[in-house]
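*Asks:* Throw the hints in and build the complete structure from the sequences for me.
Keeping their order, the protein sequence lines are chains X and Z.
With full-length UniProt numbering, the residue at position 389 of the first sequence is 389, and numbering never jumps.
With full-length UniProt numbering, the residue at position 47 of the second sequence is 47, and numbering never jumps.
Please keep in mind that the hints were generated in silico from the structure rather than gathered at the bench.
Treat the hints loosely; a few may be bogus.
[Claimed, not checked] With the C-beta cut set under 10 Å, the calculated list includes, among others, these residues of chain X facing chain Z:
(1) Thr222
(2) Leu226
(3) Asn242
(4) Lys282
(5) Thr312
[Unchecked claim] Have a look at the derived ranges for each label pair, beta carbon to beta carbon:
(6) Asn43(Z) with Leu381(X): 16 to 26 Å
(7) Met7(Z) with Tyr90(X): 47 to 57 Å
(8) Asp221(X) with Val11(Z): 28 to 38 Å
(9) Met7(Z) with Thr179(X): 31 to 41 Å
(10) Ile425(X) with Val11(Z): 36 to 46 Å
(11) Asp32(X) with Ser44(Z): 13 to 23 Å
(12) Met7(Z) with Phe62(X): 41 to 51 Å
Quick reminder that beta carbons are idealized off the backbone N, C-alpha and C, glycines included.
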Amino acid sequence: MQLKQLANISAALAAASCAVLGQPAEAGTLLDDWQFNSAILLYNETDRVSAGEGILTARGDFGDDKYLNLGLVVDALTGASATGAVGQPYVQSFTRPSGRGSYDVAPGVTPLDDTFHDTRVQLDASWEQPLAPDWRVSGGGHLSKEYDYLSMGLNGSLARDFNQKNTTVSLALGYSHDTISPEGGIAAAFAPMLLRSNFADDNSYQAAFDATRDRADDTKDTLDVLLGLTQVINRDWLMQFNYSFSLADGYMTDPFKLVSVINANGEVQQNLFENRPDQRTKHSLYWQNKLHLRGSYLDASYRYMWDDWELTSHTADLKWRLPMSDSWYVEPQFRYYQQSAAEFYQPFMFETEPLPQFASADYRIGKMNTYTLGAKFGTKLAQGNELSFRIALYQQNPQNDGFTAPGVLADIDLYEKVTAVMAQISYSF
Amino acid sequence: MQLTKVMKAGVIALVLSQLAACSSLGVKPWQRDTLAKEEMALNSAPLDNRLDDHIYFSKEGSSGGRSFAGGGCGCN
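*Replies:* Next up, the structure:
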């Protein structure tokens with residue numbers, strides 16, 4: 001991309017922001033008061049989902065420590081996503097979530113719905129300023145829209161410095177209201193996935209399909225509370241400790257996911273749409289360290305999360321920025337994540353057993369560990385601009401949480417590993 | 001189980017709050033040369049963090065910690 005074009009874009013954005021705020025635009029001086037960050041990320045899973053995401057953020061300095069932050073995110077997703085149904089030693093047919101059309105899955109292969117695609121646009125804005133000596137306050141909101149999903153949210157924070165700004169205590173609150181309206185409506189809990197081939201004609205199939213649908217859309221409300229403590233330890237060491245609490249209330253079932261009902265020989269008798277609880281309370285403790293070590297910078301963090309779905313997780317994240325020259329740096333990155341299964345996770349259900357209250361075969365809430373190995377290369381350019389590249393390998397290793405796969409399922413990989421590659425380019429100007 | 005976790009969290013928070021109150025921690029205003037560097041900011045790569053949070057939010061069963069956990073996208 002041409003630097004000149006970027007400069008033009010940044011001037012235009014600065015001018016546009018001023019127009020919004022009703023202030024006269026003086027491009028020459030205003031550009032100095034705005035900092036822009038942009039990034040493009042490409043994410044590609046082997047044989048599954050591909051995604052592209054672009055972000056542009058702008059931070060305007062309005063003097064007296066007052067800042068306006070604006071953000072625009074656009075992402076597009078396409079590819080195949082695991083449905084939750086189990087593979088079989090023969091070809092299986094599935095109806096698309098919309099009820100229109102079907103697809104076949106080869107023997108032994110994890111069922112994937114390959115028509116998954118979506119585009120999302122998100123806008124966010126926040127304002128921050130001092131409230132009194134040693135006090136800072138901020139407030140903002142976001143609006144995110146994709147084809148079948150809308151999210152609107154407000155957030156605010158208050159921070160107080162103590163001890164010559166060596167200690168900061170903060171409280172942040174966020175509230176978000178989301179609406180999901182999946183293609184074909186929302187299936188009733190454990191509604192069967194119907195196959196057109198089992199019906200005599202389109203009308204009888206459509207009537208039966210419509211009977212499995214509960215409603216066109218549903219909502220979810222989320223309240224987040226975050227308590228933070230930041231402490232300067234010494235000249236080269238900064239530490240942060242967060243406790244966060246998140247209460248979600250509403251529709252949290254994945255409307256596209258299935259659970260297979262099998263017989264004693266592991267053969268699928270029926271696929272049902274999953275059903276998750278409509279409340280979830282999450283807690284997390286997050287501990288981050290920033291260390292200056294002989295000219296290099298280490299970012300080390302650990303998170304422990306637990307919730308009332310009985311999913312607990314440990315996350316360790318390391319980033320070590322090593323200067324290579326006056327202007328270049330390289331930053332190896334490593335992340336390890338490990339989670340236990342949600343209490344209602346099960347890879348399949350037996351036809352002889354009564355339906356549980358909740359069940360999901362989504363591997364993302366099953367027992368799993370993942371790791372990310374990557375590196376970032378960055379360089380400082382003229383006028384404080386920065387260009388960086390990041391590449392990473394993300395490996396997901398779902399695991400068996402003690403379920404015995406009967407009959408034909410014994411030879412099927414129910415916990416298929418997923419490998420993804422991420423490539424990112426960022427430019428700050 | 002839940003109570004033990006809450007107690008654990010409480011103990012850690014208490015220890016850290018004691019740490020924060022300790023007067024030997026911290027620096028004088030003129031000793032902030034390194035801390036003031038962009039590389040030492042807690043959120044030194046905000047866009048990287050944002051992109052990562054979005055990916056992990058949609059691929060794993062946990063979210064939040066550094067910032068808010070909730071909402072924002074369908075992310076299937």
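*Asks:* Report the numbers of all earlier hints that the structure fails to satisfy, in ascending order.
*Replies:* none
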